[in-house]
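Undergrad: Chains A and B, in that order, are what the protein sequence lines are. For the first sequence, the residue numbers in my numbering are 1 to 302. For the second sequence, the residue numbers in my numbering are 1 to 315.
Be careful, since some hints might not be right.
Pairs of lysine-lysine residues, derived as DSS-like cross-links and limited to a Cα-Cα distance of at most 27 Å, are as follows [stated by the list, open to error]:
#1 B:K30 to A:K21
#2 B:K118 to A:K12
#3 B:K30 to A:K188
#4 B:K118 to B:K30
#5 B:K226 to B:K118
#6 A:K10 to B:K118
Just so you know, these hints were derived from the structure itself, not from any lab. Owing to the predicted nature of the structure, the values given are computational and were not obtained by experimental measurement.
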Amino acid sequence: MTTTSSPDTKDKVATAQVRAKWRRRGLQTFLFITALVWLVPLLWAIYTSLRPYSSTAEYGYVSIGGEYNFQNYADAFTDGEMFKYFVNTLIIAIPAVIIVLLLSSMAAFVLARFSFRFNLIMLLLFTAGNLLPPQVLITPLFRMYLEMPLPSWLSSSGLFYDSFFGIIAIHVAFQMGFCTFVLSNYFKTLPPDLNEAAFVDGASVWRQYWNIILPLARPPLAALAVLEFTWIYNDFFWALVLMVTGDKRPITTSLQNLSGLFFVNNNLIAAGSLLTAIPTLIVFIILQRQFVAGLTLGSTKG
Amino acid sequence: MSASTTEIAASEKPATKRKSRFSLHTRRDKVMLALLLGIPAAIHIFFVWVPALLSVVLSFARWDGISDIRWVGVQNYEQIATIYPPFWPAVAHNFIWLGFFLLIATPFGMFLAVQLDKELAGSRFYQNAFYLPVVLSLALVGFIWQLIYSPDEGLINNLIGRTDPENLIDWLGNPSINLYMILIAASWRHVGYVMILYLAGLKSVDPSLKEAAAIDGATDRQTFFKVVFPVLRPINLVILVITIIESLRAFDIVYVTNGGTNGLELLSTAVTNNIIGEASRIGFGSAIAVILLVLSLGIIIPYLFRTFRAEAKEA
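Generate coordinates for the entire structure from the input sequences, incorporating the hints supplied.
TA: Below, the structure written as structure tokens:
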């Protein structure tokens with residue numbers, strides 16, 4: 001608001017300033033209320049989870065009074081055997097994130113730094129693959145997983161179906177599209193002389209990738225690692241269809257069992273849901289910068 | 001299109017040498033390059049594109065996965081369109097989902113981003129509140145909102161006093177309203193997602209553009225629609241594509257609510273319900289998947305065409 005203030009326009013400017021002030025206040029109020037409304041579902045879940053079922057049964061759900069404690073969390077954790085499901089998730093998510101970053105950085109390195117005949121087609125394929133709804137592939141994939149054997153030390157079922165290995169494989173293959181797209185955009189921004197200097201020095205392609213390009217890509221790799229961990233952690237669908245043994249399912253998919261187990265006890269369901277949310281809430285609080293960077297890396301370029 | 005643009009890109013390369021020339025590399029390096037791209041590409045194609053194409057093949061078959069495959073032509077498609085009850089509701093619901101996101105959730109997320117970009121006092125708090133649901137899974141969002149919608153134990157009915165069996169509102173059980181209730185819950189997350197993406201875009205706009213518009217006497221609204229919005233075209237496109245794809249992908253939140261039945265049928269749940277559990281109608285499920293595939297590619301291909309053509313021009 002830097003308007004020229006000649007005497008005759010002074011009044012106008014003053015009223016404009018007053019109006020702007022009120023507009024700003026209105027906007028503040030609107031944002032404040034909307035933000036509170038946005039927090040209600042989570043706050044309500046927290047409130048419900050802190051009350052024993054007996055208190056809500058006595059006073060009603062929308063009420064104050066009775067006991068407040070963490071018993072629901074303890075019950076959900078032990079009765080729901082949630083520790084087991086958390087471990088299952090880690091068995092899937094940690095290798096999946098590492099492998100997908102390794103493979104997609106390899107592909108992105110070649111696609112962004114060398115002019116290959118099929119570069120554009122490959123990049124199109126990766127990007128399009130990442131946008132497909134998973135349900136488009138699930139029926140044949142389900143059949144393929146039932147036909148494809150794995151050695152017994154990798155899979156107790158002897159198949160891709162119902163194995164951690166199979167779930168990791170589909171996460172890696174499916175997430176690779178997004179990561180390759182993001183990383184190849186990043187690699188294109190690195191100066192081209194990097195390769196050429198290394199090439200003149202006689203560095204092999206592998207050394208150019210591993211010792212020169214990859215170390216420079218730490219920021220996007222960190223952002224993608226956080227984002228991919230969250231996405232794989234949050235996956236519900238692949239394990240729902242491709243993992244039949246309940247005990248091997250990851251935490252998000254096993255939420256389904258939880259609700260069956262705690263039928264009509266909303267207090268326990270609230271506690272179980274919030275326990276499941278904890279790792280992603282940690283991402284929200286501590287790794288917010290990387291998570292947002294990962295999200296926006298894919299959109300700001302391209 | 002892509003083949004010809006590759007040719008052009010390749011033929012123009014020698015003049016303006018930016019990337020390393022392939023022919024100068026040793027045989028070992030060539031093998032290494034082929035492996036670096038080949039291994040990821042093979043995995044991606046085998047697990048994503050092979051099944052996607054097999055969906056098309058199997059959609060012309062009748063197969064329960066045990067007895068022999070029978071090829072039946074377009075019979076699956078005919079039956080889906082004529083005698084499969086969940087199909088037309090699923091199509092309608094996917095389009096309602098898309099309409100709701102496109103007309104309400106996405107614009108609201110963009111609106112919030114524009115307001116937060118003004119950096120009023122407390123912006124940080126507002127931003128965190130809107131963005132918080134984005135880290136949660138849609139399955140979890142479904143559970144959290146069940147605590148609000150539940151007929152006798154939920155927040156809404158308890159607040160408005162409709163918990164008696166004769167007057168309670170079954171928000172998620174009544175097929176004429178439950179889709180919209182789910183859409184509100186899904187928007188809780190989608191709005192934040194759009195807000196984050198758009199805010200990042202707004203921050204990247206050169207501030208001198210906005211200042212120049214303000215000096216010319218443009219109001220906030222004019223500045224946004226005439227200056228900022230056109231500059232952000234690439235991000236607008238990304239947000240449009242994300243909105244459409246998310247609407248076609250919608251699954252988890254509906255599946256945890258009731259498995260995609262009773263007013264909540266979607267194409268994604270129809271595919272899944274044909275293979276999961278006791279059901280094993282592989283050809284039938286594949287045919288629905290192909291319909292979903294065609295809808296998705298109808299969005300994906302034009303998007304990629306635009307994006308990569310611009311990129312080929314730049315290079």
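Undergrad: So which of those numbered hints doesn't the model satisfy?
TA: 1, 4
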